[in-house]
Amino acid sequence: MNYHWNWGIYLEQIKGGDETYLDWLITGFGWTVAVSLSAWVIALTLGIAVGVLRTAPSKVVVAISTAWVELFRNIPLLVQMFLWFFVVPELLPREWGLWVKQDMPAKEFMTATICLGFFTSSRVAEQVRAGIQSITHGQRMAGLAMGFTLPQTYRYILLPTALRMVIPPLTSEFMNVFKNSSVAFAIGVMELTFQARQMQEDSEQGIETFLAVTVLYFVCAFTANRVMAVIEKRAQIPGNIAGQH
Amino acid sequence: MFSTFDFSVIVASLPFIWSGLQFTFKLTFVAMTGGIIIGTFLALARLSSIGPLAAAASWYVNIMRSIPLVMVILWFYLVIPLITGKPMGAETSALVTFTAFEAAFFCEIMRAGIQGIPKGQVAAGQAMGFTYSQVMRFVVLPQAFRNMLPVLLTQTIVLFQDTSLVYAIGAKDMLKAAEVAGKNYNRPVEMIIFVAIVYFSLSFALSYVVKRLQKRIAIKR
Amino acid sequence: MSEMPEAMIKINNVSKWYGDFKVLTDCTTSVAKGEVIVVCGPSGSGKSTLIKCVNGLEAFQQGDITVKGISVGDPKTNLPKLRAHVGMVFQHFELFPHMTITDNLSIAQIKVLGRSKDEAHAKTMKLLDRVGLKAHAHKHPGQLSGGQQQRVAIARALCMDPICMLFDEPTSALDPEMVNEVLDVMVQLAKEGMTMMCVTHEMGFARKVSNRVIFMDNGNIVEDATKDDFFGTPRSERAQQFLSKILSH
Numbered sequence: 001m002n003y004h005w006n007w008g009i010y011l012e013q014i015k016g017g018d019e020t021y022l023d024w025l026i027t028g029f030g031w032t033v034a035v036s037l038s039a040w041v042i043a044l045t046l047g048i049a050v051g052v053l054r055t056a057p058s059k060v061v062v063a064i065s066t067a068w069v070e071l072f073r074n075i076p077l078l079v080q081m082f083l084w085f086f087v088v089p090e091l092l093p094r095e096w097g098l099w100v101k102q103d104m105p106a107k108e109f110m111t112a113t114i115c116l117g118f119f120t121s122s123r124v125a126e127q128v129r130a131g132i133q134s135i136t137h138g139q140r141m142a143g144l145a146m147g148f149t150l151p152q153t154y155r156y157i158l159l160p161t162a163l164r165m166v167i168p169p170l171t172s173e174f175m176n177v178f179k180n181s182s183v184a185f186a187i188g189v190m191e192l193t194f195q196a197r198q199m200q201e202d203s204e205q206g207i208e209t210f211l212a213v214t215v216l217y218f219v220c221a222f223t224a225n226r227v228m229a230v231i232e233k234r235a236q237i238p239g240n241i242a243g244q245h
Numbered sequence: 246m247f248s249t250f251d252f253s254v255i256v257a258s259l260p261f262i263w264s265g266l267q268f269t270f271k272l273t274f275v276a277m278t279g280g281i282i283i284g285t286f287l288a289l290a291r292l293s294s295i296g297p298l299a300a301a302a303s304w305y306v307n308i309m310r311s312i313p314l315v316m317v318i319l320w321f322y323l324v325i326p327l328i329t330g331k332p333m334g335a336e337t338s339a340l341v342t343f344t345a346f347e348a349a350f351f352c353e354i355m356r357a358g359i360q361g362i363p364k365g366q367v368a369a370g371q372a373m374g375f376t377y378s379q380v381m382r383f384v385v386l387p388q389a390f391r392n393m394l395p396v397l398l399t400q401t402i403v404l405f406q407d408t409s410l411v412y413a414i415g416a417k418d419m420l421k422a423a424e425v426a427g428k429n430y431n432r433p434v435e436m437i438i439f440v441a442i443v444y445f446s447l448s449f450a451l452s453y454v455v456k457r458l459q460k461r462i463a464i465k466r
Numbered sequence: 467m468s469e470m471p472e473a474m475i476k477i478n479n480v481s482k483w484y485g486d487f488k489v490l491t492d493c494t495t496s497v498a499k500g501e502v503i504v505v506c507g508p509s510g511s512g513k514s515t516l517i518k519c520v521n522g523l524e525a526f527q528q529g530d531i532t533v534k535g536i537s538v539g540d541p542k543t544n545l546p547k548l549r550a551h552v553g554m555v556f557q558h559f560e561l562f563p564h565m566t567i568t569d570n571l572s573i574a575q576i577k578v579l580g581r582s583k584d585e586a587h588a589k590t591m592k593l594l595d596r597v598g599l600k601a602h603a604h605k606h607p608g609q610l611s612g613g614q615q616q617r618v619a620i621a622r623a624l625c626m627d628p629i630c631m632l633f634d635e636p637t638s639a640l641d642p643e644m645v646n647e648v649l650d651v652m653v654q655l656a657k658e659g660m661t662m663m664c665v666t667h668e669m670g671f672a673r674k675v676s677n678r679v680i681f682m683d684n685g686n687i688v689e690d691a692t693k694d695d696f697f698g699t700p701r702s703e704r705a706q707q708f709l710s711k712i713l714s715h
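Chains as they are written, first to last, in our numbering: chain A, 1 to 245; chain B, 246 to 466; chain C, 467 to 715.
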């Protein structure tokens, strides 16, 4: 293998600038974390709502929420990025579209975050739906028999149990968000993958570059995993496997 | 809303997009078959009693599963020519990358499938005088494969969508073809909408088939 | 039978279908204030379905049911409000697994009845004491035995100051040695004058405290008799067969 190693590359200055490559990597890491965490907040909020609606008594509501899940699950994430970035501004009323294209602050970041958030929400929704449906019918009846309305029954009884049960699958979704945020490079978000390509081209030290970026992705995935493990432990119910008899 | 859109450019660029779609199909098919074959061997390795073999397989799988696919694509595109000493086209690189990457995911599916086969089946096979590989070939793997068919297909739908990420190295799949066509006609918006509809229709149809299959398998059990 | 006092629960010609399958056929009966009714019958006879119709947990297509004069089937009826005053105890206890015993008892008092936390807590402790489980207040349901869980479930229903209680096979999911601790609570409750409708096969309980026994088969109320008549001379052959089967052991 004919490769010129240079492990000092990280501290060298970029061509024609006074930043170091390390600065690029730190910036990339920051954007990756920012996009992933913001998208995760959107995904959890929308995902729980859509997951609940998928178990609603109304057929119309179920159909709409199912359509939501199918829509975001059957189009590649990269294509969804392009849809949000290039197509959605064209579909908005003219002035709004112009504002999005010209004046919206942090346009790439906002677009990527919304896109990744909506995409992930469909996956969260499926887990939440499965969690709710795995709770015995008796729990729902018991809630209603106490005089709770249906929304109250969800709020106080079904959701707290369901969410605890789906922490393991949500853990892998949380880790996926960090991995999937890499697709945001395609619309110009300066996250890790973007920086990886930029630094490889600029420094011509591909292996060192990719190694650093890969390690940073590992750090994200590992941290996400640990955070969820702590949450899972805290949420454990003494002496019980939730919702089972 | 669509008054300013010009959808005739799609018709004009259909042959071009079709050539891209053919590569998308090829990539999906190669990565699926190659991934399932290598993945099955990886699964056997992970479940084997030979410690180092099991450890190596599980390292490979875990690493592949924790790196973003885009980074894996970039890694392979960079490293393969360094190892072989010959430049490699983006399309060939994509075929190798996806096969290697998907193998890790198919491995986990096959592993679950193999573990789901009752121990009595293995014992029965051995009692008939089969060797380990014969037990696997004639008894365990056919059942595991059949039980896991819906999951393998679901993973293939994910794979089909993920092939769009070869965009990162500029391989000419359907998305890239549509992008080029969009640039040529200066109509990127129409092209993206069209490509999204094609991806959606194919994925949706395939997932419908998987659901039907799941029901049929559930009944037979 | 003595003259009917005020009827708490009136079930009038109720029929229910699941698709084409008729699960209840023209069921008519009533429960007077302070009365204890036992509903029995083979499995699949519709007794659980009938009792769940009383507080609207199951919908019915024909006839009507009133609880203290309020129609359950009327779409204008505020069902949550009605249910808040009708206690129900389930076969599988249905305590909320993620809450402590205290929270299981207080949450509906606070969120449904609008009681203050202190008021709810005082009531909770009083009723836990009554079922003999005050010492377990801080635990979660999964840490209690089945019999203890069912006693908690009864206390949970009583916290709401119910005007009547519905029991849906309260002892059939329990290990035999735990049945009596639950029945004791129910007997005590009956003696205090609570209006009760109990789906149960515990004929000892029926003999001891019930006023009337209803026997159901195939979605029909086959027999609706006073306790003495039912155990003395059941009129229908089905009821005789049923009794001989469950009394033989």
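Everything labelled a hint here was simulated from the structure, so no lab data went into it. For clarity, every value in this text was computed on a predicted model and none was experimentally measured. Check before you lean on any hint, since a few could be wrong.
Think about it this way: if two alpha-carbon atoms lie no more than 30 angstroms apart in a straight line, the pair counts; the simulated DSBU-like pairs of lysine-lysine are [claimed, not checked]:
id : chain 1 : residue 1 : chain 2 : residue 2
1  : C       : K534      : C       : K657
2  : C       : K476      : C       : K605
3  : A       : K233      : C       : K605
4  : A       : K233      : C       : K693
5  : C       : K547      : A       : K59
6  : C       : K488      : A       : K233
7  : B       : K364      : B       : K456
8  : A       : K107      : A       : K15
9  : B       : K428      : A       : K107
10 : B       : K364      : B       : K460
11 : A       : K101      : B       : K428
12 : C       : K592      : C       : K605
13 : C       : K476      : A       : K233
14 : B       : K456      : A       : K59
15 : C       : K605      : C       : K534
16 : A       : K59       : C       : K693
17 : B       : K460      : A       : K59
18 : A       : K59       : C       : K542
19 : B       : K364      : A       : K15
20 : C       : K499      : C       : K693
21 : B       : K460      : C       : K488
22 : C       : K711      : C       : K534
23 : A       : K59       : C       : K577
24 : C       : K693      : C       : K583
Just the calculated beta-carbon pair ranges, DEER-fashion [stated by the list, open to error]:
id : chain 1 : residue 1 : chain 2 : residue 2 : range
25 : C       : H604      : A       : K233      : 13 to 23 angstroms
26 : A       : M110      : C       : S638      : 29 to 39 angstroms
27 : A       : G16       : B       : L398      : 46 to 56 angstroms
28 : A       : L91       : B       : A299      : 13 to 23 angstroms
Built from N, CA and C at the ideal position, the CB exists for glycine as well.
Point to revise | Distance restraint between K107/A and K15/A, which requires alpha-carbon spacing of 30 angstroms or less | key: Judged against 30 angstroms, a Cα distance of about 27 angstroms means the pair holds.
Check your understanding: Has the hinted range 13 to 23 angstroms been met by the Cβ atoms of H604/C and K233/A?
Key -> holds, 20 angstroms
Exercise for review: For the pair we were handed, K547/C and K59/A, check the Cα-Cα distance against 30 angstroms.
Suggested key: holds, 26 angstroms
Exercise for review: Could you tell me whether the CB distance from M110/A to S638/C stays inside 29 to 39 angstroms?
Suggested key: violated, 58 angstroms
Review point. Going straight from one Cα to the other, do K428/B and K107/A come out at no more than 30 angstroms?
Key: The given pair, whose Cα atoms are some 22 angstroms apart, holds under the 30 angstroms limit.
Practice item. Verify the proposed pairing of K59/A with K542/C, using a straight-line Cα cut of 30 angstroms. Key: holds, 21 angstroms
Review point. Do the alpha carbons of K605/C and K534/C lie within 30 angstroms of each other, as the hint requires?
Key: Distance of about 36 angstroms is beyond 30 angstroms: violated.
Point to revise | Pair hint K499/C and K693/C, alpha-carbon separation not exceeding 30 angstroms | key: With Cα atoms ~17 angstroms apart, K499/C and K693/C stay inside 30 angstroms; holds.
Practice item. For G16/A and L398/B, compare the CB-CB distance with the range 46 to 56 angstroms and indicate the outcome. Key: holds, 50 angstroms
Review point. Does the alpha-carbon distance linking K476/C and K605/C stay inside the 30 angstroms limit?
Key: This hinted pair is violated, its Cα atoms lying about 39 angstroms apart.
Review point. Is the Cα-Cα distance between K364/B and K15/A 30 angstroms or less?
Key: Violated: K364/B and K15/A sit about 62 angstroms apart, past 30 angstroms.
Review point. Between K534/C and K657/C, is the straight-line Cα distance small enough, at 30 angstroms or below?
Key: holds, 21 angstroms
Hints 2, 4, 6, 13, 15, 16, 19, 22, 24, 26, 28, counting from the list given before, are not met by this structure.
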